[in-house]
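**Student:** What follows is the residue order along each chain.
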Amino acid sequence: MPPLARIYVKAAFVYFIATFVLGALMMLNGWLSFSHWLEAVEISQLHLLVVGWITQLAIGVAYWIFPRFLKEQDPRPRGSDALTWAVFLCLNAGLLLRFVFEPFYLMGPSPWLAALLAWSGVLQAVAALSFGWLIWGRIRAMEP
Amino acid sequence: MPATTRAFVKASILYLGLGALLGALLLVNRWVPLGSAILALKASHVQFLVVGWLTQLILGVAWWLFPPLQIGLRPDLPLPVRRGRTQRGREPLFWAAFVCLNVGVLLQAVFAPLYSWTQIGLFNFLAGISGLFLVVAAVASVVNLWGRVRELGRGK
Chain A
917 MPPLARIYVK
927 AAFVYFIATF
937 VLGALMMLNG
947 WLSFSHWLEA
957 VEISQLHLLV
967 VGWITQLAIG
977 VAYWIFPRFL
987 KEQDPRPRGS
997 DALTWAVFLC
1007 LNAGLLLRFV
1017 FEPFYLMGPS
1027 PWLAALLAWS
1037 GVLQAVAALS
1047 FGWLIWGRIR
1057 AMEP
Chain B
3 MPATTRAFVK
13 ASILYLGLGA
23 LLGALLLVNR
33 WVPLGSAILA
43 LKASHVQFLV
53 VGWLTQLILG
63 VAWWLFPPLQ
73 IGLRPDLPLP
83 VRRGRTQRGR
93 EPLFWAAFVC
103 LNVGVLLQAV
113 FAPLYSWTQI
123 GLFNFLAGIS
133 GLFLVVAAVA
143 SVVNLWGRVR
153 ELGRGK
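Chains A and B, in that order, are what the protein sequence lines are.
If you count by our numbering, then the first sequence holds residues 917 to 1060, one letter each, in order.
If you count by our numbering, then the second sequence holds residues 3 to 158, one letter each, in order.
Just chain B, with the same shape it has in the complex (with noise of 0.2 Å):
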C-alpha cells in the first residue's frame, strides 16, 4: 500500500471516526438535551462521512488499485512491469488533492457551524470557500486517475 494511500485511508478513519460521534451527540442531544447550538454540527457529520470518509477512502483505494499506467509496459510480456511510482501517475498532484479534499471538509465543518452560532462574516467567508477547495481535490483526482480507467494487459 503507498504512502499516499496510507494517508488517505488513515485521514479517512479518523473523518468516520468524528462523524459517528457527531452522529452520536445528535441523537443523545433529542434524549438528553445539550442546546439548540448542537443541531449546527449536523452539516459537519454530513461532511465528514460523505466527504471525509467515504469520498476519501475510495480515492486512496483507487490509487493503490487501479491498473497502472502504460508507462514501461514491455508488449512481449503478457503482464505491465511494475515501474515503481510512475506507474500510478503524478503523485505530487495526488498529494495536492489529498491537501485540498482535507482543507475543503476541514473548513466547512469548523467554520459552517462557528458561523451559525456567532454570525462573523468571516467565518461564513470561510465556509463559503471550502467548496473551492472540494472542486480542485475533485478534478485533480479524476485528472490524475482518469488514464488508469482501462483493460489490463498489454499495450490495451
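Chain A extracted, bound-state conformation (with noise of 0.2 Å):
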C-alpha cells in the first residue's frame, strides 16, 4: 500500500473511531442532557461517518488499487502526488471545519459562522473534484 494511500485509510479510521464515540455520546446526552453542543452535532457526526470513514476510505483504497497509468500516460504510477495531497488536506480541513462551527451556528447563527460553513462546503466540492481529476484516467482495462 503506498504512502499516500496509509495517509487516507488511517485518517480514515480516525474519523470512523470518533465517529462511534461521538454517537455514543450524542445517546447518552439524550439520556442525561449533559450538553447543548451534543444535541447540535447530529449532522456533523453523520458528515464524519459518510464523508469522513467511508467516502475517504473510499478514495484512499482507489487510489491504491485502481490500475496504475501506463508509462506513455503519465510516468507518476498513481498520478500527481501534489494533487493527491491537495484532495486530502481540502477534504479533510472542510470536513473539520464543518464539524468545528456547525453546531454553534445551529445553536446561534452568525455571518462570519456561515461563511466559515460556506467554504467547509466549497472545500470538500474542491476536494470531489479533484479527486475526480486525479483518478478519471485509472479507470481503464488492465493490460494483457
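Don't read these hints as lab results, they were simulated from the structure.
Among the clues, some could well be false.
[As the list claims (entries may be wrong)] So the derived label-pair ranges between C-beta atoms look like this: (1) Ala42(B) - Pro983(A): 21 to 31 Å; (2) Phe127(B) - Glu955(A): 36 to 46 Å; (3) Pro919(A) - Phe127(B): 45 to 55 Å.
[Claimed, not checked] Residues from chain A shown here face chain B by an in silico Cβ test under 7 Å; the list is partial: (4) Ala974; (5) Pro983; (6) Leu1033.
Built from N, CA and C at the ideal position, the CB exists for glycine as well.
Fit the two chains together into the complex; they arrive one by one in their own frames, and the hints show the way.
**Tutor:** Quick look at the structure:
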C-alpha cells in the first residue's frame, strides 16, 4: 500500500472511531442531557461518518488498487502526488471546519459562522472534483 | 478492470462531484441566501452521495474483485483458471442493475425537488417510482454477486 493511501486509510480509521465515540456521547446525552453542543452536532456527526470514514476510505483504497497509469500516459504510476495531497487536505479541512463550527451555527447563527460553513462546503466540493480529475484516467482495462 | 466496473466507477465519480457541489450550494445558501427552494435539493444531495457514489462504487469494485464463479475450475490446479467474463456472472443482469440504479437515482434526485417546487402530480409519481428501480437494482446486483462470495481456491 503506497504511503499516500496509508494516510487516507489511517485518517478514515480515526474518523471511524471519533464518529462512534461521538455517537455514544450523543446517545448518553439523550438520556442525561449534559451538553447542548451534543444536541446540535447530529448533522456534523453524520458527515464525519459518510465523508470522513466511508468516502475517505473509498478514495484511499481506489488510489491504491485502481490500475496504474501506463508509462506513456503518465510517468507517475498513480498520478500527481501534489494533487493527491490537495484532495486529502481540502477534504479534511472542509470536513473539520464544518464539524467544529456547524453546531455553534445551529445554536446561534451568525454571518461569520455561515461564511466558514460555506467555505467548508466549497473545500469539500473542490476535493471531490479534484479526486475525479486524479482518478479518471486510471479507470481503464488492465493490460493483458 | 472490466467494462462493467468502469461504467459503475465512472458514474459513481460523477455523482460524487454532483453530490459535493449540491452540498456546497446548501452550505453557501446559509451565508448568501439563494432562496428557500434550494433546500429541496437536500434529498438529491443525499441520494447522489449515498446511492450514486458510495453504493455504486462498492458494487462496481465488487464485480471486479470478488472471487470468480466456480465455472471452469480445474481441480488439479491450485488456483482457478480464468475463463474470462463468464466467471464474473451474468453480465446482462449487471448492466440491467446499472441502468436501474441510475434511473432510480436520477428519477428521485430530479423529480423530488421539481415536485417540491411545482406541486405537479406527474413529478411526484416519477419520484415515487424511483424506489422500485432501486429495489430491482439491489436485487439484481445481489443475485449476481451472491455466488462469488466464497473462499478462493479449488472447488471451494
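**Student:** The structure should be examined with respect to each hint, and the outcome stated for every one.
**Tutor:** These are the hints, each one checked on the structure:
The beta-carbon spacing between alanine 42(B) and proline 983(A), approximately 39 Å, falls outside the hinted interval of 21 to 31 Å. With their beta carbons about 38 Å apart, phenylalanine 127(B) and glutamate 955(A) fall inside the hinted range of 36 to 46 Å. The given range of 45 to 55 Å is respected by proline 919(A) and phenylalanine 127(B), whose C-beta atoms sit roughly 51 Å from each other. The beta carbon of alanine 974(A) is positioned within 7 Å of a beta carbon in chain B (closest approach about 6 Å), and the interface hint is therefore held.
The beta carbon of proline 983(A) comes within 6 Å of a beta carbon in chain B, closer than 7 Å, and the hint placing it at the interface holds. Here the hint on leucine 1033(A) is kept, as its CB sits about 5 Å from the closest CB of chain B, short of 7 Å.
When the structure is compared with the earlier hints, a violation turns up for hint 1 alone.
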